[in-house]
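*Asks:* Working from the sequences, and respecting the hints, build out all of it.
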Amino acid sequence: MSNPLHVNEDKKQGRFNLNKDFIDKYGDLTLLFFIMISVFAIMAIINPNVFLSQGMMLSIANQFPILGLLTLAMMFAMVSGGIDLSVVSTANLSAIMASIIMVQYIPADASAGVTTLYILLSIVCALLVGCVAGLFNGILVSVVGIPAIIVTLGTMQLYMGIALVLTKGKSIVGLPTIVSEVGAGTLFGIPFPLIIFIMFVIFSYFVLNLRDYGLKLQMTGSNPTASKFSGINVTSITIKAYVISGLLAAVAGLLMTAATNAAKADFGTTYLLQAILVAVMGGVNPYGGRGKVAGVVMAVITMQILSSGLGMLQVSNFFKDFMWGTVLIIVLLANLFYNKKISKLS
Amino acid sequence: MKRILKTNEFYITIVLVLLIFYIGSQNSTFFSINNWFDLIRSGIVPGIFVIGTLLVLISGGIDVSFPAIAAFSMYTTTSIITSLDFDVPVIFAFVIGALIGLFLGFINSIFIAFLKLPTLIVTLGTASIYSGFLLTFIDDGQITRLPEAMTNLSKTRIFEITTDYGTIGIPVVFLITVAIAVLGWFLLKYTMIGRSIYALGGDEVSAERMGISSVKIKVFVYCFVGTLAGIAGVIHTIMTRNSNASDLLGGELLIIAAVVLGGARITGGHGTIYGSLIALLLILIIQNSLILLGIPSYWQRFVIGALILIGTGLSAIQVKRSLEKRNPIMTE
Amino acid sequence: MEPLIEMKEISKNFGGVKALENVNLTIYPGEVHCLAGENGCGKSTLIKVLSGVHTPDHGEIFINKKRYKRLHTQESIQEGIQVIYQDFSVFPNLTVKENLAMGYEMSNNKKLVNWKLFEKIAKQALETIDVDIDINEKVENLSVADKQLIAIARSLLFNARLIVMDEPTTALTDKEVQSLFNVISNLKRKGISILFVSHKLEEIFTIAERATILRNGKNVTEQLISELDTNQLIYHMTGREIKETTYESEFNENQKPLLKLKNFGLKYMFADVNLEIYPGDIVGVTGTLGSGRTELAEAIFGIAASDSGTMEINGEEAKIKNPRQAVKRKIVYVPEDRLTKGLILEQSIERNIIISTVENLLKKFRLISDNKVKNSVDYWIKNLGIVAKFPKRNVSVLSGGNQQKVVLSKWLASEPDILILNSPTVGVDIGSKEEIHEVIKEQARKGMGVILISDDIPELKQNCNKIVTMDKGKVISIDHISEYAMSR
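Chains as they are written, first to last, in my numbering: chain A, 2 to 347; chain B, 11 to 342; chain C, 60 to 547.
Keep in mind that the hints were calculated from the coordinates and are not lab data. Note that beta-carbon positions come from the ideal geometry of N, C-alpha and C, so glycine has one too. Be aware that a few hints might be false.
[What the hints assert, rightly or not] Partial list, computed: chain A residues near chain B (C-beta under 8 Å): (1) Pro148; (2) Ile151; (3) Gly155; (4) Thr156; (5) Met161; (6) Lys169; (7) Phe323.
[Said to hold, decoys possible] DSBU-like mimics (lysine-lysine), calculated; alpha carbons at most 30 Å apart, straight line: (8) Lys448/C with Lys341/A; (9) Lys378/C with Lys330/B; (10) Lys229/A with Lys321/C; (11) Lys229/A with Lys431/C; (12) Lys247/C with Lys124/C; (13) Lys229/A with Lys433/C; (14) Lys170/C with Lys199/B; (15) Lys229/A with Lys389/C; (16) Lys77/C with Lys451/C; (17) Lys229/A with Lys423/C; (18) Lys169/C with Lys126/B; (19) Lys341/A with Lys126/B; (20) Lys226/B with Lys179/C; (21) Lys321/C with Lys531/C; (22) Lys330/B with Lys326/C; (23) Lys226/B with Lys197/C; (24) Lys531/C with Lys326/C; (25) Lys531/C with Lys229/A; (26) Lys259/C with Lys533/C; (27) Lys197/C with Lys182/C; (28) Lys321/C with Lys520/C; (29) Lys378/C with Lys229/A; (30) Lys229/A with Lys533/C; (31) Lys330/B with Lys380/C; (32) Lys234/C with Lys520/C; (33) Lys330/B with Lys387/C; (34) Lys234/C with Lys330/B; (35) Lys199/B with Lys182/C; (36) Lys249/C with Lys175/C; (37) Lys277/C with Lys124/C; (38) Lys378/C with Lys500/C; (39) Lys197/C with Lys126/B; (40) Lys107/C with Lys226/B.
*Replies:* Rendered as structure tokens:
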């Protein structure tokens, strides 16, 4: 071992090792990063005056947090090996609960302080509804043993059904003005929805990528049987994933209410499929076990830039649908070939 | 007999019969011909979708792009015929619609059968591509002027009767749904390709070893679904006498729910035409007739959601139980 | 007599790895021929060449003197070669009659289903092996043995001249193995050849007449079974003499048992198990797969909790209802199915090692400490000699032996008192096999109690100080190793 040649060998090995580790850890993220940057650059080049304006930036920053939160919600369910088709229904149901409290229970002559208190109460209620909705999903998936796609297909109808029953199919309006003021407000120049989004991105990153729960969730999502045989409490891990999903959906619901100053049982139904698309683009494995918060964030920003940029070019909404689908298929294909290459490497 | 008692179809039938008699006993309008003609009419297009979806689920996949395919073929077909500007027999519309559907289904199958990408995600993607492409590049408006042959067909009815409210009947296109249901039943029950779809959904590796080409079967399934969706699109135009693409979009999850409620499993290998159609009828009755019980229409979704969860939950528990009992080592 | 099948100088490479190298195989009509060898020796590759799944790179195949450079699946079937795979290749969602008749009708190029004919074919198929199974039952409701009978009956429809059975007894109980052997004898009487693929010595000696033995993708020998004895057969399969080493516990028996089972039972599975595990014990458990040995192990580990009798851990009564409680009580289990239960294949080597101890590798706020993870992973990779350059790669890239070491290190990291291993060396190369045995013995010497389940009797004889024999859910004997050697 004292042979200097050996030392050299080891050094080479070390460098090689680092590269491989880098590819393993960040390979898929770099691809996304470059896609995001290029989409931004293309839009900036096409029409720098409009696209790089403060108004455009603000509008982008105001728009993607809702989809972003719903995508994070979808991500947790998908990483656990399932899917959550009920995210939008949960979001609306939570928002409706909050709105009902705000519209029906705040006394007409309440002071600003009392109103704020009621609003806080309604927010807590909404988050609680989200958690309970997620809990119900989780129990049906992991205790009763119904496939997640069916459970959430059912609860999607059920939660929307409850919301319809509560509202008799009408939208709830007449919320305190403070709601929309906060919704459209900024803090240190950052739009409020974006701040909320960043908070929950950090939360998700902690839970999924840094803490032991996230590791266990990913293992469970990859192979529940082997995880059970490794002493993981698969049932509770899975239920928690759906509870988190419900919680994130509830936050998205509140943002939707803040943005529109209203709540309705069938708001934002197009978000559902978009959330799945963005999650998959962001590198969440549709078969479970893998997902990175950073990937999801970049994917949602990319899609929003694309979508706002296309809006700037005055193309129809339908063209955006077309682009979304195309990008998704391209990402699927890119992943397919990327994975083939990786498996050849090893 | 015991075997029948174990099936979802059996329970759904019982629930359906009970519901029919309950609603009927509460409100006699439910049994009126008018109401049933309405029900049948509302089931013509979903009935075709259900059969396509059933095939996909049996094969172990899932397809959410059929409404987009239907919308695409509906619009394109009417445009083509209108632009041809001469009288063509109505069969021509169905052939074009079917071909367009076949082509779009084939595109799905390229990703699913050859590249083996996950079916849900692929069809989500292609669904946005098809509907986005249609509405952007072809037109985003509606066609209100139908070609004459199609208008004529839309006026043709069977079982026409005259009541106090005027003449009612079932659109003749209902026969197409019936024909497709019979075709689907025959395909699944009496052809090797149909049984191969079940085999593929049951165990893909074993199917390959038996000499079933999973690629061929999947291509067939997705093309078949596409074709059915294409035909359904044309029927939809004929029935509503205009082409409005957004009418069809968004109904995919309810159709899948109906098929699952009817006994198909999302994991593949199970499901029958009878069960799917019965479950569809149940959902249609809930959608159309709950109101006859004095239950406001906004309860529909709640009831449908609860029904899906209870139905699939019961069969999940049943499967769990039978798994536990299997392969005992000791007798007593 | 003219041979039915002659495979000559067959070679097959998979991306630079030589799976088969100049392998010969000759089978005569009406003989029961055994293809033996350890896992990974090329047995299944050879079968797949014969059934047309793999194209050989080199060599030729003669079937009844007709020469083939390669076989297509359909040609193989037409020549009367039928393979019964380990998992039987049946369709759980279809009825018995369909499972039986469908493949046959497909090979006749039928496009439509004639259910009457299906019924006739199915009945006829079941008659040929003289069994009675309801042909309208769905296969998912059948026992494992019945599924296998269906696979056999199905293969006979094709006028089979050779039936290849790939490890056919893996999932069978003793009684079922007996009836399988009866079926084989019947087939033989009808002039049908059987290629019996196995690594279980007892079975080879019971049923086969001649054996071709492979090792590392090469022919070792081809001999009449009557000319072989157990030791020779093992030598040919493994390339090593059986070392007559034995293991003795260095702890005296006066101390408290680590684990004590009293009338331990689980409905339908096993009953009245009385067993004590002391520090330093390596207790071998043997019995066929339907003996209840796996169920016993899984009950101790809490996968399917026992419902009668008691369990004492370190003298304290304990109830274990799920694996988590077992791990807390320092009982761990290496399942027999490494690929689906032992490992999470889609995840990294690193994660598979730390999965059960991640709670010890945290820093502030329950965040996973990368440093602690790296130290732990490096330690175990070095300590168990796992050949893994890139611990962040998927565990699926490792060889069987290294994978099993990953499973072991996952549990050793949790410092267990009781280590239960279920067939830990199946599909593991010889080198790793011995290393794994050494690790087990080393742990036992340090005071761990080990339960080693295996149907490899020599493995048990070399590594255990006690041997428990189970049958039909009951313990029929517990012998000290010296007594055991005498009784056999």
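*Asks:* Taking the hints in turn, state whether each one holds.
*Replies:* Hint by hint, here is what the structure shows:
1. Pro148: Interface hint status for proline 148/A: holds (5 Å vs cutoff 8 Å).
2. Ile151: 5 Å, holds
3. Gly155: 4 Å, holds
4. Thr156: 6 Å, holds
5. Met161: Cβ of methionine 161/A sits 5 Å from chain B, so the hint holds.
6. Lys169: Hint holds; lysine 169/A Cβ to chain B Cβ min 6 Å, cut 8 Å.
7. Phe323: It holds, given that the least Cβ distance between phenylalanine 323/A and chain B is near 3 Å, below 8 Å.
8. Lys448/C with Lys341/A: With Cα atoms ~20 Å apart, lysine 448/C and lysine 341/A stay inside 30 Å; holds.
9. Lys378/C with Lys330/B: Roughly 24 Å between the alpha carbons, so the hint for lysine 378/C and lysine 330/B holds.
10. Lys229/A with Lys321/C: Given pair lysine 229/A, lysine 321/C holds - Cα atoms ~26 Å apart, limit 30 Å.
11. Lys229/A with Lys431/C: Between lysine 229/A and lysine 431/C the Cα gap is close to 24 Å, so the pair holds against 30 Å.
12. Lys247/C with Lys124/C: The hint holds at about 21 Å.
13. Lys229/A with Lys433/C: Judged against 30 Å, a Cα distance of about 24 Å means the pair holds.
14. Lys170/C with Lys199/B: Satisfied, since the Cα-Cα distance of roughly 12 Å is no more than 30 Å.
15. Lys229/A with Lys389/C: Distance of about 16 Å is within 30 Å: holds.
16. Lys77/C with Lys451/C: 27 Å, holds
17. Lys229/A with Lys423/C: Between lysine 229/A and lysine 423/C the Cα gap is close to 27 Å, so the pair holds against 30 Å.
18. Lys169/C with Lys126/B: Roughly 28 Å between the alpha carbons, so the hint for lysine 169/C and lysine 126/B holds.
19. Lys341/A with Lys126/B: 13 Å, holds
20. Lys226/B with Lys179/C: Cα-Cα ~29 Å, so holds.
21. Lys321/C with Lys531/C: 18 Å, holds
22. Lys330/B with Lys326/C: 17 Å, holds
23. Lys226/B with Lys197/C: It holds: about 26 Å lies between the C-alpha atoms, which stays within 30 Å.
24. Lys531/C with Lys326/C: Roughly 12 Å separates the two Cα atoms, so the pair holds.
25. Lys531/C with Lys229/A: 27 Å, holds
26. Lys259/C with Lys533/C: Between lysine 259/C and lysine 533/C the Cα gap is close to 22 Å, so the pair holds against 30 Å.
27. Lys197/C with Lys182/C: 15 Å, holds
28. Lys321/C with Lys520/C: Since the Cα atoms of lysine 321/C and lysine 520/C sit roughly 26 Å apart, the hinted pair holds (cutoff 30 Å).
29. Lys378/C with Lys229/A: Distance of about 18 Å is within 30 Å: holds.
30. Lys229/A with Lys533/C: Within the cut-off at roughly 27 Å; holds.
31. Lys330/B with Lys380/C: 18 Å, holds
32. Lys234/C with Lys520/C: 25 Å, holds
33. Lys330/B with Lys387/C: 28 Å, holds
34. Lys234/C with Lys330/B: It holds: about 28 Å lies between the C-alpha atoms, which stays within 30 Å.
35. Lys199/B with Lys182/C: 20 Å, holds
36. Lys249/C with Lys175/C: Distance of about 28 Å is within 30 Å: holds.
37. Lys277/C with Lys124/C: Holds - the C-alpha atoms of lysine 124/C and lysine 277/C are around 24 Å apart, at most 30 Å.
38. Lys378/C with Lys500/C: 28 Å, holds
39. Lys197/C with Lys126/B: 29 Å, holds
40. Lys107/C with Lys226/B: 23 Å, holds
No hint from the list above goes unmet by this structure.
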